[in-house]
Amino acid sequence: MTFRKYLVLAAVTVFAAVGDSLLSRGMKQLGSVSPQHLSNVILAILNPWVALGIIFLLGFFAAYMTALSWADLTYVLPATSLGYVLLALIAKFLLHEDVSTTRWLGILLISAGVGFVTRGPELTKKIPHSKPKGYVADPIATRSNP
Amino acid sequence: MKQAHAWVAIAAIVMASTTGDVLLSRAMKHVGDVGDLRRRRGALIVVGRVLSNPSFLLGVLAMTFAFYSLLVGLSWADVSVVGPAAAALTFIANAVAAKIFLHERVDHRRWIAALLVAGGVVLLAA
Chain A
1 MTFRKYLVLA AVTVFAAVGD SLLSRGMKQL GSVSPQHLSN VILAILNPWV ALGIIFLLGF
61 FAAYMTALSW ADLTYVLPAT SLGYVLLALI AKFLLHEDVS TTRWLGILLI SAGVGFVTRG
121 PELTKKIPHS KPKGYVADPI ATRSNP
Chain B
1 MKQAHAWVAI AAIVMASTTG DVLLSRAMKH VGDVGDLRRR RGALIVVGRV LSNPSFLLGV
61 LAMTFAFYSL LVGLSWADVS VVGPAAAALT FIANAVAAKI FLHERVDHRR WIAALLVAGG
121 VVLLAA
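Line order of the protein sequences matches chains A and B.
If you read the first sequence in my numbering, its first letter stands for residue 1, the second for the next number, and so on.
If you read the second sequence in my numbering, its first letter stands for residue 1, the second for the next number, and so on.
Please keep in mind that the hints were generated in silico from the structure rather than gathered at the bench.
Keep in mind that a hint or two might mislead.
Unchecked claim - Sample of chain A residues at the chain B side, in silico, Cβ under 8 Å:
1. Thr66
2. Arg103
3. Ile110
Beta carbons: idealized from backbone N, C-alpha and C, even for Gly.
Take these sequences, add in the hints, and give me the full structure.
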C-alpha cells in the first residue's frame, strides 16, 4: 500500500460521512414521503442540502471506484468504515452531543475491524489482464540457475 | 406501520447496494488500476473504459435504486436506525456475495473485520 492509496481510502471515508450528513439534514427538512407519492422523492434533489450531499457523494463515488480498481471489495468496505467513527467524533467535539459508553464501544469495534483488515493484503485474486500480452514465464530451471 | 415500511426500505437498500457493489467491483477489476492507466493512457481513456463497461452501468443502476430507497427510508425513520441497520447488514451481505460472485478469498481476518464493523455500527445506533 502506497501513501496515495491511503489518501484514496481517506477520501472515500470523508466524502461518504459528509455526504450522508447533508442528505439526512435535507430529508428531515422535506419531511416524511408518503408511500402513495413515492415519485415525490425524485424532486428531493431540488433541496439545497440534498443537492450538496449529492455533490459530496459523487466525490465519494469517484474515490470508491478508484479504490475498487486496485483492492478487493471485502478490503475496501471495512477499511473505509472509519466514516462512522468520524461522524461520532464530529457529534462529540463539534456539535457537543453526548456520546454514550455504548457508542464508544461501537467506535472501538469498528476501529478494531479496520485495523484487522488493513493489516492483510488489499488484493487476494490476481487480475487476469495484469499480465502483458504475449508474456511467457521463464522456465523454473532457468530461474533457479542464475 | 411506519416501522414496517422502514424495514422494507432497509431490505431494499441492502439488496440493491450489495448487487451494486459486486457489479462495480467486477467492472473496476476489469478496467484495472485507474492510477496506472491514467498515467499510461490519459484520463479520457480511463473515463471511456469505465463508462463503456456493462457491469459498471448495471452497478450504477443498482446503486441509484439503493440511493432512492435510502432517501425514502430516511423520510420514514431516523438516520440513526436506517443508516446503521442497512450498513451493518450490507457489510455481511457483501462478504458473502464477494466470496460467491467475485471469488475473493474472504479469510478469517476479513470475516472478523466485517463482523466487528457490522457490530460496531449497530452499537453506534444504540
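Results for each hint:
A hinted interface residue such as threonine 66 of chain A counts as satisfied when its beta carbon comes closer than 8 Å to some beta carbon of chain B; here the least separation is about 5 Å, so the hint holds. With a least beta-carbon distance of about 5 Å to chain B, the hint placing arginine 103 of chain A at the interface is held under the 8 Å criterion. Checking isoleucine 110 of chain A against chain B: minimum C-beta separation of about 4 Å stays under 8 Å; hint holds.
Checked against the numbered hints above, the structure violates none of them.
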